[in-house]
Amino acid sequence: MKPRYLIPLFYILFLLLPIYWLVAMSFKTTNEILSGFSLFPQTFTLENYAAIFTDPTWYWGYINSILYVSINTVISVAVALPAAYAFSRYRFLGDKHLFFWLLTNRMAPAAVFALPFFQLYSAVGLFDTHLAVALAHCLFNIPLAVWILEGFMGGVPKELDETAYVDGYSFPRFFVQIFLPTIKAGVGVTAFFCFMFSWVELLLAKTLTAVEAKPIAAVMTRTASSAGYELGLLAAAGTLTIIPGAIVIYFVRNYIAKGFALGRV
Amino acid sequence: MKTVNQKAWFFVLPVLVLVAFNALIPIMTVVNYSVQETFGDNLFFWQGLDWFQQILQSDRFHAALGRQFLFTGLILAIEIPLGIIIALSMPRKGFWVPVCLVTMALPMLIPWNVVGSMWNIFTLPDIGLLGYFLNHTLGIPYDMTQNPVAAWITVIVMDVWHWTSLVVLLCYAGLVSIPDAYYQAAKIDGASNWSVFRYIQLPKMKTVLTIAVLLRFMDSFNIYTEPFTLTGGGPGNSTTLLSIDLVKIALGQFDLGPAAAMSLIYFAITLLVSWVFYTLMTKNDNT
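Protein chains in written order, with the working numbering: chain B, 1 to 265; chain A, 1001 to 1287.
What the hints contain is simulated information worked out from the structure, not anything from laboratory work.
All C-beta atoms in this analysis are idealised placements derived from N, C-alpha and C, irrespective of residue type, glycine included.
Check before you lean on any hint, since a few could be wrong.
Stated by the list, open to error - Using 30 angstroms as the maximum straight-line C-alpha spacing, the simulated DSSO-like pairs for lysine-lysine come out as follows: (1) K1283(A) <-> K1204(A); (2) K1204(A) <-> K1187(A); (3) K1204(A) <-> K1093(A); (4) K214(B) <-> K1248(A); (5) K1007(A) <-> K158(B); (6) K1206(A) <-> K1283(A); (7) K184(B) <-> K1007(A); (8) K184(B) <-> K158(B); (9) K1206(A) <-> K1093(A); (10) K1007(A) <-> K96(B); (11) K1283(A) <-> K96(B); (12) K1204(A) <-> K158(B); (13) K2(B) <-> K1093(A).
Claimed, not checked - Simulated restraints, written as ranges between beta carbons of each label pair: (14) G1073(A) <-> L160(B): 37 to 47 angstroms; (15) Q1054(A) <-> E159(B): 53 to 63 angstroms; (16) G1139(A) <-> L34(B): 20 to 30 angstroms; (17) W101(B) <-> N1005(A): 15 to 25 angstroms; (18) L1013(A) <-> G155(B): 23 to 33 angstroms; (19) L46(B) <-> P1098(A): 22 to 32 angstroms; (20) L34(B) <-> P1098(A): 36 to 46 angstroms.
The following block holds chain B by itself, in its conformation from the complex (with noise of 0.2 angstroms):
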């Protein structure tokens, strides 16, 4: 092993060690917690999961956060697609100005629309739903998607598009057919950015859902300040907020670096 493997080697250490930690906290019974300090689990416990699993606001805020997560997604992307095609192809009035604008949206503090974003929701009789918080959640993830799609599409060379169209392939099944295989790496990537994004906030979220569609990152904090401080469940709950993300991030793991630099490379 090279010695320059040595600073990787050591930041993964220092980036598993607080994970590390949420994860042996929560095998811990809650009185072996606050009894002192243990590095690995004494009397190992299941507990924290099982109530995690019987209670149906705990399981119901994971369920609801992957609904509108992957509600969030599908709809960015549908809409980024079409949109990322124009801004790689087409030279239209105003196109560099509303790209711009577009970005300036990912640069919106989410705790200055936390306000306007519950009266609006409540207006238009969407707030306390899934599609609430997919809706709210696009504000970021439809500029990030077009972002990301445009750098994916421009590196497909011209070309492809006109002998299509030579060959007699009308725009919708060029598009079907051809183009979106050829960047489906990039639509891969696009996803799972929206899914990220989207699973990691909670301000939008929270203020956007009451009961019906409560995310577990609320279902959390609530239970931080009513149920006393039950850290072992806490750190359960967090633990199993980590898995989703894991999952998505296996599938994409041969384009990631690729989709890290948004495809401008």
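Model the placement of chain A on the given structure of chain B, informed by the hints.
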């Protein structure tokens, strides 16, 4: 060359409608609040630019803005060089590459409030791994609920833990795109490691690095959930960053007017700095 085609607007329309619905209506609501005074019951009184004046002159805003710039400055100063160093020392091919990438991406996929709670648990003085290690093994008194410096260090370390991987992955993507021939040529010329970095690797990383700086700037400037879950803005006001202060004013005190004015000033600052970065970035694209 791109062809001029105004019909392309139809392709952009769905995006435009969805984003405008989410962006324009709320921002207009904020603008409305920022120039009026309300006592509830939907009664509004014209206030003009008073709130803006009040915010811009208030010490509280200056302090929060100062803390915010200090935080973002420190974050960029630590994460960007650290990310470059880690990306440079990572293996380029083989079994360990996907392992590294997946583990490094992991912190970014954890919900932000869980990140905060996780670090809270990790740093508890008597039962947290880090807190216990510092207090009882090394004998350094450490309690971030009491000591502002400890709180700052914890918030910074947490963000480094959370987001350095983004810089690493971006830089890594730039590095793997460099053809081997470049390195061979450098070897024949007898170039030092430093000149390989300065004249081959750094220029190739320029675009992705600008994206990294831009994203890290925007996200660290808007950060709310993680420090709020970790420290609640305390001890005192020492880690009350701009977003935390904003939410305190808007939802805690329900001072909608000043909060709205502050939101707009906040947004304007983010926009201005990002625009400078963006201009630099697109300038690089053309050359």
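Cross-check of the supplied hints:
Between K1283(A) and K1204(A) the alpha-carbon distance is near 15 angstroms, which keeps this suggested pair within the 30 angstroms criterion. Under the criterion of a C-alpha separation no larger than 30 angstroms, the hint pairing K1204(A) with K1187(A) is consistent with the structure, at around 18 angstroms. Restraint check for K1204(A) and K1093(A): the C-alpha separation of about 19 angstroms stays at or below 30 angstroms, so the hint holds. Annotation: proposed proximity of K214(B) to K1248(A) holds, straight-line Cα distance about 22 angstroms (limit 30 angstroms).
Taking the CA atoms of K1007(A) and K158(B), the gap is about 18 angstroms. The hint holds against a cut of 30 angstroms. Of the pairs offered as hints, the one joining K1206(A) and K1283(A) holds, with about 12 angstroms between alpha carbons and a cut-off of 30 angstroms not exceeded. Straight-line distance between C-alpha atoms of K184(B) and K1007(A) comes to about 25 angstroms, which keeps the hinted pair within the 30 angstroms bound. For the proposed pair K184(B) and K158(B), the alpha carbon gap of about 17 angstroms is at most 30 angstroms, so the pair holds.
Of the pairs offered as hints, the one joining K1206(A) and K1093(A) holds, with about 22 angstroms between alpha carbons and a cut-off of 30 angstroms not exceeded. Only pairs whose Cα atoms come within 30 angstroms are accepted, and K1007(A) paired with K96(B) is accepted, the gap being roughly 16 angstroms. Restraint check for K1283(A) and K96(B): the C-alpha separation of about 13 angstroms stays at or below 30 angstroms, so the hint holds. In summary, the hint linking K1204(A) to K158(B) is supported, as the alpha carbons are separated by about 24 angstroms, within the 30 angstroms threshold.
The suggested pairing of K2(B) with K1093(A) holds, with an alpha-carbon distance near 14 angstroms, which does not exceed 30 angstroms. One distance hint, 37 to 47 angstroms for the beta-carbon pair G1073(A) and L160(B), holds here, with the actual separation near 45 angstroms. For Q1054(A) and E159(B), the hinted distance range of 53 to 63 angstroms is satisfied, since their beta carbons lie about 60 angstroms from each other. Between G1139(A) and L34(B) the Cβ separation comes to about 23 angstroms, which falls inside the hinted range of 20 to 30 angstroms.
Take W101(B) and N1005(A): their Cβ atoms lie about 20 angstroms apart, and the range 15 to 25 angstroms holds. Hint check: L1013(A) to G155(B), Cβ distance near 25 angstroms, so the stated range 23 to 33 angstroms holds. One distance hint, 22 to 32 angstroms for the beta-carbon pair L46(B) and P1098(A), holds here, with the actual separation near 31 angstroms. Range check, L34(B) to P1098(A): Cβ separation about 40 angstroms, and the 36 to 46 angstroms hint holds.
Checked against the numbered hints given earlier, the structure satisfies every one of them.
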